[in-house]
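Engineer: Here are the chains, one letter per residue:
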Amino acid sequence: MLQSISDTWNSLSAYGQHTVWTTVWTLAITVALILSVALLTLWERKVIGWMQLRRGPNRVRILGMFPGLGQPFADVVKLLTKEVIIPANANKFLFLLAPMITLIPAFAAWAVIPLSATVVVSKANAGLLYLLSLTSMGVYGVIIAGWAANSKYAFLGAMRSAAQMVAYEIAMGFALVGVIIASQSLNLGDIVERQQGGFLAWNWFWLFPLLIVYFISGVAETNRAPFDVAEGESEIVAGFHVEYSGIAFALFFLAEYANMILISALTAVFFFGGWLSPFAGYLGDSALAQPNIGWLLIKIFIALFFFLWFRATFPRYRYDQIMRLGWKVLIPVTIVWIGVEMVMAWYKVGPWAKVALWAQ
Amino acid sequence: MVEILFYIFGTILVLGALGVITSRNPVYSALLLVLCFITSAAIWLLIEAEFLAVVLVLVYVGAVMVLFLFVVMMLDVNLEELRTGFTRYAWLGWLTALAVIVEIVGVVWVRGVGIDVSKSPTPTAPDYSNTLELGRVMYTKYAYPFELAAVLLLVAIIAAISLTMRRRPGLKVQDIGKQVAVRAKDRVRIVKMNSEKRS
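For the protein sequence lines, the chains are A and B, in the order given. Quick note on numbering: this note's numbering labels position 59 of the first sequence as 59, and the sequence is numbered without any gaps. Quick note: to get this note's numbering, add 1000 to the position in the second sequence (first position is 1).
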């Protein structure tokens, strides 16, 4: 059996091997992501429950153990078996296309995210730009959903979401310009490699204001609380997905949580040294100081916890204040810090002391 | 392989562009234009212009078309009204189309002389960075044209804002600075009192 598999593998051309390898990795990442989303929904309800002195979901068990662990899977079965209602005057084609358009960028972005020094689907040189352009496409699903549903509430939600995402994309892009200046590369693998050293060598230390801006814009981009005016249950019922039911709604839900995981992973890669160990250089050659995919997963988990924490803590922003924060606070902060960083790079302060600027 | 992909994307691009101008529904037109941008980016990727391809998607699809789509969806376009006078002004449209076609053919023909356009570009080394090379010429050799383009865009922004900004009388605005500076003690009075004995 094993022999025949390896024979088939060797009979493939280099191109064929590459194709098979990429396909397998893509499938593995997609399945892992969907499972993570399922567990994240449960974890979110548990965490918010504990913060509000409740227990959270604790009824559905798996094999009679782990109270609550079966909840996300029960929810999936429920949503799958529900009817997908298409409103009478909706634009059917666009109505059904919208959830998919939201979902595709959330998954496609993982193509360039390095899980460790060698495990990455594509080592694209313009990886960071690819990510920015994909995350900016997510807004189409929301706009199309809001328009195609032919409902006033849905359209209001879409309108808010579009304005908000365009505004915060600029702050996010500027924050990433700072990361590019610090790492002198658009390749995500290189960005991590440039942060070699302990936790003080990571980008967050020198780019702290940009980290704050990036994470706030990330929360706004994913339409999460306290920036969830696109949904705004108390004002416009559920915003752009008010007319969606069953699995069509579940796709929006999946995309939102996949985007959360994506933003957390990006925060880990850009500002917290990706797969690098926080103790490198402090603990000598011990196992804790070695780079490991586990470090990346821990960092993603911590960043995700912040998303949940924000949701449980902050009240929803008023719409005009969201716009003010994006345009008048976050963007000036990034511009000032990029200026500071340019001065630091020119006089070779901090992380720029050891690396030469781009070859002339 | 590259040729096959080129023809696939080319077909989608041409069909999409035709759809943009023939579609009755302006929202469909805008969405098809998005499709055109994405397929153009894919074609640029085939000639190894990765930076241009990604920036096309980032700027046009991610920002410009979102706002465009937004406006188109908000407008209540009356098709009947749009169609009146179509035949009367048709000659102007044909004339413009003809001029544009002549210009495009001229440019493509002049630039194409002496170049084997049927050949795909020679593959570059794996460590070659399109972005780095582009940045290098843009900030050294073409620094002044680049700055000029930036200033031009700034002028356009200021012009657009000054055209659309007007102060309506009687408009009620919130002073956000005041709202942010407000403290709990300005609004809430906390009364401390001992709990009463249960009777």
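None of these hints come from the bench; they were simulated from the model. The beta carbon of each residue, even a glycine, is placed where N, CA and C say it ideally should be. Keep in mind that a hint or two might mislead.
In silico lysine-lysine, DSS-like type, Cα no more than 25 Å apart, as pairs [stated by the list, open to error]: (1) A:Lys92 / A:Lys152; (2) A:Lys46 / A:Lys78; (3) A:Lys328 / B:Lys1172; (4) A:Lys328 / B:Lys1178; (5) A:Lys82 / A:Lys92; (6) A:Lys78 / A:Lys92.
With the C-beta cut set under 8 Å, the calculated list includes, among others, these residues of chain B facing chain A [to be verified]: (7) Ile1008; (8) Gly1010; (9) Phe1051; (10) Val1057; (11) Ser1129; (12) Thr1131; (13) Leu1134.
Taking CB as the label site, the calculated pair distances span [said to hold, decoys possible]: (14) A:Gly246 / B:Leu1148: 52 to 60 Å; (15) A:Pro332 / B:Glu1103: 40 to 48 Å; (16) A:Pro332 / B:Tyr1139: 21 to 29 Å; (17) A:Val24 / B:Asp1175: 42 to 50 Å; (18) A:Ile104 / B:Arg1111: 31 to 39 Å; (19) A:Pro332 / B:Arg1167: 43 to 51 Å; (20) B:Lys1141 / A:Ser245: 43 to 51 Å; (21) A:Gly246 / B:Phe1146: 25 to 33 Å; (22) A:Ser6 / B:Ala1143: 52 to 60 Å.
Engineer: Compare the structure with each hint and give your call.
Structural biologist: Each hint, compared with the structure:
1. A:Lys92 / A:Lys152: OK: A:Lys92 and A:Lys152 at ~17 Å, within 25 Å.
2. A:Lys46 / A:Lys78: 20 Å, holds
3. A:Lys328 / B:Lys1172: 20 Å, holds
4. A:Lys328 / B:Lys1178: 15 Å, holds
5. A:Lys82 / A:Lys92: Judged against 25 Å, a Cα distance of about 18 Å means the pair holds.
6. A:Lys78 / A:Lys92: 23 Å, holds
7. Ile1008: Since chain A brings no Cβ nearer than about 17 Å to B:Ile1008, farther than 8 Å, the hint is violated.
8. Gly1010: 21 Å, violated
9. Phe1051: Interface hint status for B:Phe1051: holds (6 Å vs cutoff 8 Å).
10. Val1057: It holds, given that the least Cβ distance between B:Val1057 and chain A is near 4 Å, below 8 Å.
11. Ser1129: Since chain A brings a Cβ to about 5 Å from B:Ser1129, closer than 8 Å, the hint holds.
12. Thr1131: 6 Å, holds
13. Leu1134: The hint is violated - B:Leu1134 has no Cβ within 8 Å of chain A, the shortest such distance being about 10 Å.
14. A:Gly246 / B:Leu1148: 52 to 60 Å: Since the Cβ atoms of A:Gly246 and B:Leu1148 sit about 55 Å apart, the hinted range of 52 to 60 Å holds.
15. A:Pro332 / B:Glu1103: 40 to 48 Å: Between A:Pro332 and B:Glu1103, where Cβ atoms are some 43 Å apart, the hint holds.
16. A:Pro332 / B:Tyr1139: 21 to 29 Å: 24 Å, holds
17. A:Val24 / B:Asp1175: 42 to 50 Å: Check failed, 59 Å falls outside 42 to 50 Å.
18. A:Ile104 / B:Arg1111: 31 to 39 Å: Check passed, 36 Å falls within 31 to 39 Å.
19. A:Pro332 / B:Arg1167: 43 to 51 Å: 24 Å, violated
20. B:Lys1141 / A:Ser245: 43 to 51 Å: 58 Å, violated
21. A:Gly246 / B:Phe1146: 25 to 33 Å: 51 Å, violated
22. A:Ser6 / B:Ala1143: 52 to 60 Å: Holds, at about 56 Å.
Checked against the numbered hints given earlier, this structure breaks hints 7, 8, 13, 17, 19, 20, 21; the rest are met.
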